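Visitor: In case you want the letters, here they are:
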Amino acid sequence: MISLKVIGSFIKKEFRQIMRSREMLIVLFALPAVQLLVMGFAVTNEVKNLNLSFLDYDRSATSRALIQSFDSTDRFRIVPVSNAAKPEELISAWKASVVIVIPPGFGADYGQGRQSNLQVIVDGIDGNTASVANSFVAGVVGDFHRKRMQETMHRSPIPRLNTQVELLSSMTFNPDLRSSLNTIPGIIAILVTVTSMMLSAISLVKEKELGTLEQLLVTPVKKAELMAGKLIPYLIITLVQLQVAIVLAGLIFRIELAGSYGLLLLFSMIYLFTTLGLGILISTRVASQQQAMFFSWFIMVIIILLSGFFVPVQNMPRGIRWISFFNPLSHYMTVLREIVIKGSGITQLMKELWILGGSGVLIFGLSVISFRKRV
Amino acid sequence: MPNLNRIKAIAEKEVFHILRDSRTLTIIFIMPLLQLIIFGYAMNMEIRQVPLVVDDSALNSSSQALIDAFIHTDYFHLVPKDEGILNPGELFKERRAQATLSIPQGFGKDSFTVLLKIDASDPNSAQMIQNYANGIVNNRFAIAGAGITLQPLILYNPDLKSSFFFVPGLIALILVMICALLTSISISREKEMGTMEQILVSPVSATEILLGKVLPYIFLGLMDALLILGVGMLLFQVPFRGEFIVFLGFTFLYVLTSLCLGLLVSTVAKTQQGAMMMALGMTLLPTLLLSGYMFPISSMPVILQKITYIIPARYYLQIIRGIMLKGNSVRHLYQSGLSLLIMSVTMLIIASRRFKLRLS
Numbered sequence: 009m010i011s012l013k014v015i016g017s018f019i020k021k022e023f024r025q026i027m028r029s030r031e032m033l034i035v036l037f038a039l040p041a042v043q044l045l046v047m048g049f050a051v052t053n054e055v056k057n058l059n060l061s062f063l064d065y066d067r068s069a070t071s072r073a074l075i076q077s078f079d080s081t082d083r084f085r086i087v088p089v090s091n092a093a094k095p096e097e098l099i100s101a102w103k104a105s106v107v108i109v110i111p112p113g114f115g116a117d118y119g120q121g122r123q124s125n126l127q128v129i130v131d132g133i134d135g136n137t138a139s140v141a142n143s144f145v146a147g148v149v150g151d152f153h154r155k156r157m158q159e160t161m162h163r164s165p166i167p168r169l170n171t172q173v174e175l176l177s178s179m180t181f182n183p184d185l186r187s188s189l190n191t192i193p194g195i196i197a198i199l200v201t202v203t204s205m206m207l208s209a210i211s212l213v214k215e216k217e218l219g220t221l222e223q224l225l226v227t228p229v230k231k232a233e234l235m236a237g238k239l240i241p242y243l244i245i246t247l248v249q250l251q252v253a254i255v256l257a258g259l260i261f262r263i264e265l266a267g268s269y270g271l272l273l274l275f276s277m278i279y280l281f282t283t284l285g286l287g288i289l290i291s292t293r294v295a296s297q298q299q300a301m302f303f304s305w306f307i308m309v310i311i312i313l314l315s316g317f318f319v320p321v322q323n324m325p326r327g328i329r330w331i332s333f334f335n336p337l338s339h340y341m342t343v344l345r346e347i348v349i350k351g352s353g354i355t356q357l358m359k360e361l362w363i364l365g366g367s368g369v370l371i372f373g374l375s376v377i378s379f380r381k382r383v
Numbered sequence: 156m157p158n159l160n161r162i163k164a165i166a167e168k169e170v171f172h173i174l175r176d177s178r179t180l181t182i183i184f185i186m187p188l189l190q191l192i193i194f195g196y197a198m199n200m201e202i203r204q205v206p207l208v209v210d211d212s213a214l215n216s217s218s219q220a221l222i223d224a225f226i227h228t229d230y231f232h233l234v235p236k237d238e239g240i241l242n243p244g245e246l247f248k249e250r251r252a253q254a255t256l257s258i259p260q261g262f263g264k265d266s267f268t269v270l271l272k273i274d275a276s277d278p279n280s281a282q283m284i285q286n287y288a289n290g291i292v293n294n295r296f297a298i299a300g301a302g303i304t305l306q307p308l309i310l311y312n313p314d315l316k317s318s319f320f321f322v323p324g325l326i327a328l329i330l331v332m333i334c335a336l337l338t339s340i341s342i343s344r345e346k347e348m349g350t351m352e353q354i355l356v357s358p359v360s361a362t363e364i365l366l367g368k369v370l371p372y373i374f375l376g377l378m379d380a381l382l383i384l385g386v387g388m389l390l391f392q393v394p395f396r397g398e399f400i401v402f403l404g405f406t407f408l409y410v411l412t413s414l415c416l417g418l419l420v421s422t423v424a425k426t427q428q429g430a431m432m433m434a435l436g437m438t439l440l441p442t443l444l445l446s447g448y449m450f451p452i453s454s455m456p457v458i459l460q461k462i463t464y465i466i467p468a469r470y471y472l473q474i475i476r477g478i479m480l481k482g483n484s485v486r487h488l489y490q491s492g493l494s495l496l497i498m499s500v501t502m503l504i505i506a507s508r509r510f511k512l513r514l515s
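Chains A and B, in that order, give the protein sequences. Take 9 as the starting number for the first sequence in our numbering and just add one per residue. Take 156 as the starting number for the second sequence in our numbering and just add one per residue.
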């Protein structure tokens, strides 16, 4: 028979151990807050404040107006340079990310309706930023051209050719396109994973390394009691951390839970069976704390990279998408995002429920089997 | 005066520690390779084949032409619409579509406006979808007018390959992880196991212990960096346009900075667990998030931009991308190098102070 009293005293011991080391407490609660803050603001693929330089060989009213129109967006920050500079040298020396060369005679050509050319030189080392920068430049120049055309049309009204298709777009669920709405649930999913896996991976091996496991083994504690006594505190700590993270997300980023809190908690509990099980599996297989940390860190980096946190899974090649299907974090992250952003209910998340439930049973089952009461 | 023989003895002991733990050693070399492959192949910002549901109330040749224009690109693929009224919110919740296109009755005759609804729960993808749609509509259905022609020229990476960006970055990430993480753990392990006291009663000075502990990891980190470099160049054809000797010099400096960071962490943390967590919090995450490794620093809020100045990887990323992709020489990079040097000296002073305090 499993004794609740034994489990209870185990839980007490485990909590005391955690509470006694102040750094663990900091790690458990202050670090998540910092991560939420830093990641919430830093993780964005937006491109802003790009260093832009003009080499204006024209120096006409038109060229100055064009430069002016770049000044009004927060996409670019104009860095003044001397006209003697070479564009390649500016980019090579990290002074500018984009250089626009306005050739002599640009204003005159443009004013007379002749084709006029602008040279745009972009630093290509970051492919994403470069292509976005390119499209921003095209956008600003296009707007500039349209405004000029409208001004001339007002002066000499020609019948407008209106066969142009107009596309109205509307953004559902996130009309202001706040990137934090997408990243914060992802960060919370990562926090839950990291904390639960790290704690359980280190749990047993620490006792092994310090020699206290042998002391435990000579006591009449049963395997199930030992496991429950170890894992329940970690489950509680992780759920408390989840709670802290949700409250902070609301306070700092004004993120309201669109869906049901109970559903979120249910999915988190189911998911924790997988991560705690993984931690135990690691713990039973390694010899030292260092190895345990390394292994869990290794697994975590891989599952975080393939989770869809940084890059949506659907952008990945087919083979890797298939691997991602077996990544529990990817599904848990989907669940959190769907519940937080769209307010999805359990009917829309049935697939994830099955997958997460299945992986929980499988991995936790494996960890129970591999958990032996021996040194 | 630090004695070379004693340093060598400590270093030898550390080498035995590393070699004996073959599993950790395997991870140290396998991990970067796996990451390299993931980053090279999977980290694709571009979104393709967006599932699109079209609600066509016009059902004429114009609307068909518009739909064809959408699905004849690689960007969208058509998902059949259910019977009844289109409900984008529901479709997005079930994740069957990421965008819906509504074409009104009389499209092509008296109305030319169509409505595109986009699931914006991932704002980055949403914006890309909007750009694609605008591009399709403007290209196919706009009248071209004489205006300003842009002649874009993309330097260093004309095909905009993401591997060019990530391979140098990965070297920076792996180096800081190995050097800072392993060093901090190795020192706090001795503390936790009580073997540090045994070393401390021997006539070895604090500086000698630190140097001896650090040397094997410098070697390990450099080996790993060269491995990533080689595989990245072979597998992803990442260019190396600068001088190798400049690369080696700056890399050595960066390894030094990372090790000092690791030392600092280990003097603060009392247990391995604490050291690991702190090292993760102080090295892995800032390097991943705040160094410009993935996310452009210029897009961050001003406070975060200020914080990036104390992150060693920020400088090293500029250095290594400059050397590999831009062919920069020392003249372009000495400021970053100087920053790294100042950081390592500062951290070393603090670490050795704290280390000595623990002795007494």
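Hints should not be assumed to be uniformly reliable.
[What the hints assert, rightly or not] With a straight-line Cα cutoff of 20 angstroms, these simulated SDA-like cross-link-like pairs (lysine to any residue) come out:
# : chain 1 : residue 1 : chain 2 : residue 2
1 : A       : LYS359    : B       : PRO206
2 : A       : LYS216    : B       : THR350
3 : B       : LYS316    : A       : MET324
4 : B       : LYS425    : A       : LYS359
5 : A       : LYS214    : B       : ASP176
6 : A       : LYS216    : B       : GLY349
7 : B       : LYS168    : A       : SER296
[Said to hold, decoys possible] Derived list of chain A stretches under chain B, where covered just means 3 residues or more per stretch with a C-beta under 8 angstroms from a C-beta of chain B:
#  : region
8  : 52-62
9  : 98-112
10 : 122-130
11 : 139-151
12 : 187-195
13 : 249-262
In short, the hints are calculated from the structure, not lab data. Remember, predicted model here, so these are calculated numbers, not experimental data. Positions of the beta carbon are idealized from the N, C-alpha and C atoms, including for glycine.
Visitor: Would you mind marking each hint as holding or not holding in the structure?
Guide: Verification of the supplied hints:
1. LYS359(A) to PRO206(B): holds (19 angstroms)
2. LYS216(A) to THR350(B): Given pair LYS216(A), THR350(B) holds - Cα atoms ~17 angstroms apart, limit 20 angstroms.
3. LYS316(B) to MET324(A): Between LYS316(B) and MET324(A) the Cα gap is close to 14 angstroms, so the pair holds against 20 angstroms.
4. LYS425(B) to LYS359(A): This hinted pair is violated, its Cα atoms lying about 44 angstroms apart.
5. LYS214(A) to ASP176(B): holds (17 angstroms)
6. LYS216(A) to GLY349(B): Given pair LYS216(A), GLY349(B) holds - Cα atoms ~16 angstroms apart, limit 20 angstroms.
7. LYS168(B) to SER296(A): holds (17 angstroms)
8. 52-62: Result for this restraint: holds, n = 8.
9. 98-112: holds (count 4)
10. 122-130: holds (count 9)
11. 139-151: This one holds; 6 residues, not fewer than the three required, reach chain B with a Cβ under 8 angstroms.
12. 187-195: holds (count 3)
13. 249-262: violated (count 0)
Checked against the numbered hints given earlier, this structure breaks hints 4, 13; the rest are met.
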